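Asker: If you read the protein sequences in the order shown, they are chains C and R.
Its first residue numbered 26, the first sequence is counted upward by one per residue in my numbering.
Its first residue numbered 807, the second sequence is counted upward by one per residue in my numbering.
Everything labelled a hint here was simulated from the structure, so no lab data went into it.
Bear in mind the structure is a predicted one, so any value in this text is a computation, not a measurement.
Each residue gets a CB set at the ideal place from its N, CA and C atoms; glycine is no exception.
Treat each hint with caution, since some may be false.
What the hints assert, rightly or not - With a straight-line Cα cutoff of 30 Å, these simulated DSS-like cross-link-like pairs (lysine-lysine) come out:
#, chain 1, residue 1, chain 2, residue 2
1, C, Lys436, R, Lys1068
2, R, Lys986, C, Lys464
3, C, Lys201, C, Lys179
4, C, Lys165, C, Lys405
5, C, Lys220, C, Lys91
6, R, Lys1068, C, Lys264
7, C, Lys165, C, Lys419
8, R, Lys1068, R, Lys986
9, C, Lys419, C, Lys405
Claimed, not checked - On the chain R side, residues computed to face chain C include the following (Cβ under 7 Å):
#, residue
10, Val865
11, Asp949
12, Leu969
13, Gln1074
14, Leu1075
As the list claims (entries may be wrong) - Covered by chain R, per the in silico footprint, the following chain C stretches (three or more residues, Cβ under 8 Å):
#, region
15, 118-132
16, 263-273
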Amino acid sequence: MTQQFYGKTNMPGSRLFDRRAFLKMGGAGLAGAALLGAAGCGGGGGAFNGEITMGFGREPSGTLQKLIDQFNKQNKDIKVAWRNMPVDTGQYFDQLRTQFQAQDGSLTLIAGDVVWPAQFAANSYIIDLSDRFTEDMRSKFLEGPVESNTYEGKVYGVPWFTDAGLLYYRKDLLEKAGFSGPPATWDELKEQAQKVMQDQGTKIGHVFQGAEYEGGTVNGLEFINSHGGQVLDPGDASKVIIDSPESVAGLETEYSMVTDGVTPQAVSTYQEPECEAPFLGGDAVFCRNWPYMYSLAGTGEFIKPDVIDIAPLPAGDGGESVSVPGGWNFFINAFAEQEAQDAAWEFLQYMTAPEQQKAYTLGGSYLPTLTALYDDPEVKETLPTVGVAGEALKNAVPRPVSPVYSDMSLKMQEEFNSSLGGDVEPQEAISTLQTELQKIADQAPS
Amino acid sequence: MSVAAEKKRKGGFLKREFGDPERRTAYYMVMPAVLIIFIVAFFPIMYAMVLSLTDSTVVQTGPFVGFANYVEMLQNPDFLEGLINTAAFTVISVTLEFLIGLGIALAINQAFKGRGLVRAAILVPWAFPTVISAVMWRLMFQDQVGVINYVVNTLGIISQPILSDRTLLLIAAIGVDVWKTTPFMALLLLAGLQTISADVYEAARVDGANIFQRFFRITLPLLKGTILVAVLFRTLDSYRIFDLFWAMSNRELESLSTFVYKSVRVSQLLFAQGNAASVFIFVTSFLLALFFIYGLGMQTSTEE
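With the sequences and hints as input, model every part of the structure.
Answerer: Dropping the structure here:
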């Protein structure tokens, strides 16, 4: 067999030639593939044909697709396509960053998270909308979400829908225990929870999100902000001012939920689902969560919505009730062509107009960003959360608006979680954060 | 043709190598493979090494800074936490997997009724995708519905919730990894055991060797090659641990690989350090493999 093989390769016969030709073909194929790839990357530079693409994650109610179809029917010269992006905001952010690095303008309109504007704006990935989104237009929107879209005095995004941390409570249990209403302060919350737990044997007092993830940052910040603490200097975003007695008091209150027996020790591993289960399962008196949880009440084994009520989050000692908002906003890709950007602006205005916002609010139970919709009778009736959420959103304090927010959040998650887990003293966590966050802020692109 | 061949034969090494049509054909034959290896393996590794010596961000390549990234990386508490966790995880889990795996392999190497069934059943944990078993175990360790957490809390062995303590979390991760990969280890060792001829044991028995002598003088030395391959595989695998930590601890437990991911993908400022850490992982696992091959005398081919 071996002999035969050698014999053949030695001969300049047709077989040998075939192999060579094959190799050449292979080489040419590789080079061709490389060229194709390059062409693929550079493609899309043609003239604008009226088609724009919008990026967004998942929208289970189907309302978004309906609104897009309606827009496409009404407009002959602009066609909008929706590209599905990762549902996980971290992954979505990742993917966008990769596209921006490649200067990809194919995703003209981006529906993105409330913490992204500064990070994208600092790198000039998205365009400044200050001239288009005028002062007059802005005044019709909720203040908090607009503020989150503002970086160094310029507005980079238009709020689409928003989210606020709310206090869910069991009105039946509180009534039985003789309390007339929800707690106004964290101390009252503990007091009410302890009484209900003692009298009625409810297992858990209060649950919230304390795990080491973005939600942990939000919850920690709510405790800090509601005591009057702040992360960044309101006048100078490059200055970290978290090291204050107020911030320490905030984390101390958060930890005291565990030490006073109101919250299970495992809260330092809880995300939203771990809070839904005990509260909607009837085992907890209070729960901090987003508006979405209301629609889950009454489904399956869960408790009915009529024993639940919602209130703004309690205030800290010497502070006031504060909610750290989430929410989604529209940004326009800086790498898209001028005409595409203009078309995206048209669609953006359509989406954020009162009529479409109302349709979206009613269709998918989202919180609108236009102030007027909070007084709309139809909205109020369909969505009881809107009433309280409007109240909570008036006291919205956005997460630190910084081009290096991702890194700040990583540190805050870590320290808030360690403090909540009892691994470090709140004072120590806050002083660590002062140094670490300042180090991060100093590295921000200017 | 023959004149050209004559000319080429007179040259140096290159001409000698490429002058011979047969050798030339051989080079043509391996060229695509070499090219592909260069493009997909050699170039990225070299590029990562070069990048790790510069102050680069995700957006652009920065100036040369020597080993500054490595110095910063070694001072970063998150990296050190990852290094310690990874080292402890690798040493403990591979040791346990080897010992238990060897025991299982020896047991199922014996002839008994239903041996085929036992061999198949033992592989079940290994057949699970890691992420799925990680999530499944997380639920069992969880404080609200977790059966393990309930049992240890009720018995008073552990008073706090397992998932909220980093040390307990690491121990749990080691336990899950042992549960999951011991079957793999057992399977590899069993394959090795089956290559040892029964004649040797019979001869030893005739010479009066007891069971311990037979194990230490025959089984272990003849199994050495298989053991080294199995342990090296598992060591490198554990050293790169990512999915189990990521999914089971909900991103809280740090390993070298999770540090790289967080630095390069999540953070916007630690890109250079993350790069240095990925090179660190590559170099250290390379050294580990070299230690196995040269230090412990592992055979990499069947040629004597």
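Asker: Confirm or reject each hint.
Answerer: Hint check:
| no. | hint | result |
| --- | --- | --- |
| 1 | C:Lys436 x R:Lys1068 | 12 Å, holds |
| 2 | R:Lys986 x C:Lys464 | 41 Å, violated |
| 3 | C:Lys201 x C:Lys179 | 51 Å, violated |
| 4 | C:Lys165 x C:Lys405 | 18 Å, holds |
| 5 | C:Lys220 x C:Lys91 | 49 Å, violated |
| 6 | R:Lys1068 x C:Lys264 | 25 Å, holds |
| 7 | C:Lys165 x C:Lys419 | 13 Å, holds |
| 8 | R:Lys1068 x R:Lys986 | 26 Å, holds |
| 9 | C:Lys419 x C:Lys405 | 17 Å, holds |
| 10 | Val865 | 6 Å, holds |
| 11 | Asp949 | 4 Å, holds |
| 12 | Leu969 | 4 Å, holds |
| 13 | Gln1074 | 6 Å, holds |
| 14 | Leu1075 | 5 Å, holds |
| 15 | 118-132 | holds (count 3) |
| 16 | 263-273 | violated (count 0) |
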